Amino acid sequence: MRYLFFSGKGGVGKTSLASSTAVILADAGQRVLLVTTDPASNLSDVFEQEIGPEPKAISQVPGLRAQEIDAEASAAAYRERALEPLRGVLPDSMISTLAEQMSGPCTVEIAGFDEFVHAMFLADYDVIVFDTAPTGHTLRLLALPSAWSVHITESERGSGQTCIGPVDQLQTSKAEYEAALKRLQDPSKTAFILVTQPERAAVEETVRAAKELAELAIVTPQIVVNGVIPEEASDHPFFASRRRMQQRAIDGLAQEFNVNPIQVPLLENEVKGIEALRALGKWVSDDVYAVR
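Counted from 1, the sequence shown has number 19 at position 19 by the UniProt record's numbering; the numbering is strictly sequential.
Note that these hints are calculated values from the structure, not bench results.
Be aware that a few hints might be false.
Here are the computed lysine-lysine pairs in the DSSO-like style, where the Cα-Cα straight-line distance is at most 30 Å [as the list claims (entries may be wrong)]:
1. K211 with K56
2. K189 with K211
3. K272 with K182
4. K182 with K211
Remember, it's a predicted structure, so these values are computed and weren't measured experimentally.
Full structure from sequences and hints, please.
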């Protein structure tokens, strides 16, 4: 199984590119799951059909399923499963205290990553494409396995409690997280595609994200620059000036990463629907689609 992760600052077009890649791979005969961990995801709009928390078949693309992970809902479901056996046994005031302790951002992050890890180990697919959340959130999720292992170890020495429940209920998850991180760090199984726009702020965010991935021993093999003004549109002085500015940003990326970034032009229409996703796919490198 192979994993493709599309990540980048919010609004750079990673959902469109991840969705396009998933369609192209499914058209080529691969069994593909497209997963989003982005709270602001619009996969339902892109595919023009309802998509929920369970893998759902994309009606016009045989072999493709899509899924939207809702970390808040996952955390709420976990809290209810953990607290239900205690209702009627412990005082209501203690149940309320436990519920409050399990309502922080730590619980939401872990619950979201738990769903994320579960998706990684599904055996029914050849490729899983992750349309991940904007860079900062994604990197926090990716850092969770090592951070969570330390948190569990420290909790074992103390109260035996974590922000999401008793430690003895989490040992299996800890092992799964460690296995997931190994897959993320294996370039034969996993490819990261950082999506950016040809603007200084977006490029700086991409460079930071790549360095943070490197600290997790994760290689960033592909950079996609989305929204490049086509050369044929630069007859107008305004667009010519904007294109020169964009090319400087692209040159900076090429120098920083010692690669030629994939350039996707600024498109006239919104990328929405299967045929638009297929059309977008012609701009993406075969290296991104390659599944060995």
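Cross-check of the supplied hints:
Between K211 and K56 the alpha-carbon distance is near 35 Å, which puts this suggested pair outside the 30 Å criterion. For the hint pairing K189 with K211, the CA-to-CA distance comes to about 20 Å; that is within 30 Å, so the pair holds. Between K272 and K182 the alpha-carbon distance is near 35 Å, which puts this suggested pair outside the 30 Å criterion. Of the pairs offered as hints, the one joining K182 and K211 holds, with about 18 Å between alpha carbons and a cut-off of 30 Å not exceeded.
In summary, the numbered hints that this structure violates are 1 and 3.
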